[in-house]
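The hints should help you fit chain B onto chain A, whose structure is shown.
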Amino acid sequence: MKSVMVRIALAATLGAATFAVTASATSAQTLETVKARGTINCGANGTLAGFGLPDGQGRWTGLDVDFCRALAAAIFNDPNKVKFVPLTAKDRFTALQSGEIDVLARNTTWTSSRDTALGLNFAAVNYYDGQGFMVRKSLKLNSALELNDAAVCVQQGTTTELNLADYFRTNKMKLKTVTFATADEAVKAYDAGRCDAYTTDASALAGERLRLAQADDHAVLPEIISKEPLAPAVRHGDDQWFDIVKWTHFAMVNAEELGITKANVDDQMKSDNPDVKRLLGTEGKFGEAFGLTNDWAYRIVKHVGNYGEVFERNVGQGSPLKIARGLNALWNKGGLQFAPPVR
Amino acid sequence: MAAVETGKAKTPLWRDAKARGLAYQVLLCLLIAFFAWAAISNAVENLARAKIASGFGFWDNTAGFDISQTLIPYSTTSTYGRAFWVGLLNTLLVAGFGIVFATILGFLIGIARLSRNWLVARLAGFYVETIRNLPLLLQLLFWYNAVLKTLPPLHESLAIPGGGFLNNRGLFLPQPVLLSGADWTFVALAMGVAAAVGVRIWAGRRRARTGTPLPAFWVLLALVMVPPLAAFALSGFPVTFNFPESGRFNIRGGIEVLPEFMALLFGLVIYTAAFIAEVVRAGILAVAKGQTEAAYSLGLKPGPTLRLVVVPQAMRVIVPPLTSQYLNLTKNSSLAVAIGYPDLVQIFAGTVLNQTGQAVEVIAITMAVYLAISLVTSGLMNLYNRHVALVER
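Heads up: the sequence lines are chains A and B, in that order. With my numbering, letter number 320 in the first sequence gets 321, and the count goes up by one each step, no holes. With my numbering, letter number 228 in the second sequence gets 403, and the count goes up by one each step, no holes.
Treat each hint with caution, since some may be false.
Said to hold, decoys possible - So the derived label-pair ranges between C-beta atoms look like this:
| no. | chain 1 | residue 1 | chain 2 | residue 2 | range |
| --- | --- | --- | --- | --- | --- |
| 1 | A | 55 | B | 499 | 32 to 42 Å |
| 2 | B | 563 | A | 38 | 56 to 66 Å |
| 3 | A | 140 | B | 220 | 45 to 55 Å |
| 4 | B | 337 | A | 58 | 33 to 43 Å |
| 5 | A | 218 | B | 321 | 53 to 63 Å |
| 6 | B | 330 | A | 225 | 25 to 35 Å |
| 7 | A | 37 | B | 310 | 36 to 46 Å |
| 8 | B | 228 | A | 225 | 24 to 34 Å |
| 9 | B | 353 | A | 174 | 55 to 65 Å |
| 10 | B | 310 | A | 140 | 30 to 40 Å |
Honestly, the hints are just simulated from the structure, not real lab data. Since we're looking at a predicted model, the values are computed, not measured. By construction, the Cβ of each residue, glycine as well, lies at the ideal position given by its N, Cα and C atoms.
One chain only, chain B, in its complex shape:
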């Protein structure tokens, strides 16, 4: 460096740390690019030599197999492309429900573990330590067998009040079918939600200005619930139910929840909740005790202290690891293949791959889809994280 400063002799390029670092990085990039190119061209060449079909032409071919749960119309004459969407939606369905329930259960367990009640805290601790230390696949197989073995066979179905059935073929519920006139209910619901949002903002401003809180929760609930219910009643209850009916082998009609779905959802929720509980506990413990004491000294009761002081600060610690738990849950849903739930991996990377034999294309698509789901999830969570993050003023 001294040489540079005096300007007498320039440092040779190979001894300049910056230039050398740059050179190494360029070299590394070139190497990686070369390996990627070599791997791809090698694969293409080998596929061609073995005369294995390649490309994405299979997408529009007839699939020819049946799928047990389809959220969009699908039949055995549909295409592989259609089967892909069916599988993707099934994955998103179980992941979506899984995330919601795992969050609720995880927060409850996490808070319970910090409870001053000895028994509650120990039970929550026992739950966390047991569940998160057992392999998920094992747990899924356990739940699947537990679901199948405990539920009665078809002809001894448990009747659920209101016209539903529960047996080892699944849970069957009446499906509401909306008639004309039901639109008013949705209009009323939309108006109610808009009004509730307005009141919420107004109440917040008023509290900031005068310090008087409004019993906001009940007011908001009434605003959201009452108008649609009133509209529903005024338009003469425009709904009818499609009741499940017992046939010779199976129950047809109504909403059908597969035992595979129940077992997978159960397994994923229980497993992920154990991790979320630890994340929540860590988040709450990360809030300095002085914050609680300060809130108490201002006269806040324990409930509002938790809600207004502790949780908002804990969220900053909780959200980033919570995001990874959501991603884990989504990725773990691919274990569905073991218990016969028709998710993306089972349908697309399983049956479609096997029938078309196009492993490279099918696996590439499947990985791209999981990557996309994960990136979207983590993008949304990052947005939320920015919202709760510490704003320095």
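Next comes chain A alone, as it looks inside the complex:
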């Protein structure tokens, strides 16, 4: 009889634990939960140079990583109050849906079905990308259209997988896809000669190429076969949190546009420019409307920097990837980064 009692007690505790977890998962008060916890749980890549990768000391770097740091700076005035959760492409949405993470900043393409059926809200595009191919130079290919009949290594659970199939179908080419759960495995198999080409977003190709045994033997083909707007995402159902995540990116873009940098942000606090004053919180109470402090954008720029600084540091000229701004330049410099005004 005793054992039955023990079992009932066990079942009850387990059940209660399950409830606790599921109940917190769907709370609409993400900001309150995050503040109470003291850290943001940020779903990150973990294996992609330039976007999300821990270095030798375990310190995370990357464009998406800095996005989460900016979010932490805005909320806590401390960019280090982030717990990075490394996720594979395949597991990332489930992690966000189930509440394991508060925000997903993992070079994730914004698509209609993800925005609707998957229950996600994409905040703002923090990197405009497109899909490309990497091949061995020894194949002497000039175009992706010459890839008929090729074997292509690809990571599972990505828009890449679908674009690849579409591209070959549209161009009436035969295809052999070899699909792997992680980008690591896919690149390794490509490097070992299992595939003729490796395909993923062009930004990632630049980083992956540097990790190959003989980087110079490989080249990226000129074709970009898709639109990949990469955007941080949150769950449906919490508008306040959605706004905060969205405007964290806009604050960084606006700061760049107004010439506010990590170095000069303290001087800019004395600026007379009304746009600068509203952004940095020296005029108006725009931060409070988000549930944050009025100097939220100041904190972001002070701790992390503006969008241009973050870009150059992680993927641009200040990084080994040396990716040009291209589509990611500000709208007034020929790019697509355009943020609504703070007012």
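For chain B alone, kept in the frame of chain A given last:
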């Protein structure tokens, strides 16, 4: 109890061990039912609140991705449902081949470990102790890299006599295509098998009656093999081969065996065989030594002793744990995801889940499928076990 016997005072219900036990069980069942209901309704409510799609409507939507090995026709315009069947068949394919080869290898190793030859026994022991103490995932990654790294690239393919190729894109073999007239071969094969079964039964009865054995094996083999071969030759060899041909990037045509399949099969067979070897060894050791001695004293030679006396008795001990090894092999095949073999988990619980975002439904289906495969396997093995089990007379 004394009170009940005298009938003077009834035991109060709460002190009756039987009633109390029943009450606890009912309570437990109610609790479990409540938790199940709470969990399900909670999940449904949360999904609805987060506006996440639910239900099984995705089944007929276009999948849009490519799969490297398809046993049934599949294209990128096929549905998610079709992709599910492709994945399931790929799982069954590797599990089926895996079980057959692991059984053969496992029995060989298990018997070798009992060999009187010192070297053979030690080698078998070394194999078992090494393989079963290394994680399977590690072994699969090892075999995959070993397969990819040792095989030559496409343009240095090893030619296999008869028109096949072997390279790091896979094994390519000529595919036989049957022409009209080939039906007679199958008719002859069916007749041969029927005749062999008849002879086997007759030979068994004759041996039981007279004690004279028939050289049954060779007779049976001839009965099965000769008629179809004769029919094949008489109908003018009605077969042609679809030979693999080397293209610019890949080899097309013929039968293609993916390196992922080879690595997975290799890894699963080698790993599971180590466990089966131990099961077999235990089974044989469980047969009392007196049985062997009795067989020898009746004049049986070591071969027939093993075949007729020891193995039939050992099977009773071997079959139940062997069943769990078969189940393990099937379940372990889901590690395919690590090396890019398109099994059920990789295709359905991987890509389909990710694209539809319907984790609850997809995982539930996947678990139900593995449960069904396991129950069928263990059901079949239980039937066989009943056949070999000790029949008490």
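Consistency of the hints with the structure:
1. 55(A) to 499(B): 32 to 42 Å: For residue 499(B) against residue 55(A), whose Cβ atoms are near 40 Å apart, the range 32 to 42 Å holds.
2. 563(B) to 38(A): 56 to 66 Å: holds, 59 Å
3. 140(A) to 220(B): 45 to 55 Å: holds, 54 Å
4. 337(B) to 58(A): 33 to 43 Å: This hint is violated: roughly 57 Å between Cβ atoms.
5. 218(A) to 321(B): 53 to 63 Å: violated, 23 Å
6. 330(B) to 225(A): 25 to 35 Å: Holds, since residue 330(B) and residue 225(A) (Cβ atoms, about 29 Å apart) stay within the stated range.
7. 37(A) to 310(B): 36 to 46 Å: holds, 39 Å
8. 228(B) to 225(A): 24 to 34 Å: Holds, since residue 228(B) and residue 225(A) (Cβ atoms, about 30 Å apart) stay within the stated range.
9. 353(B) to 174(A): 55 to 65 Å: With a Cβ separation near 31 Å, residue 353(B) and residue 174(A) fall outside 55 to 65 Å, so the hint is violated.
10. 310(B) to 140(A): 30 to 40 Å: Holds, at about 37 Å.
Checked against the numbered hints above, the structure violates hints 4, 5, 9; every other hint is satisfied.
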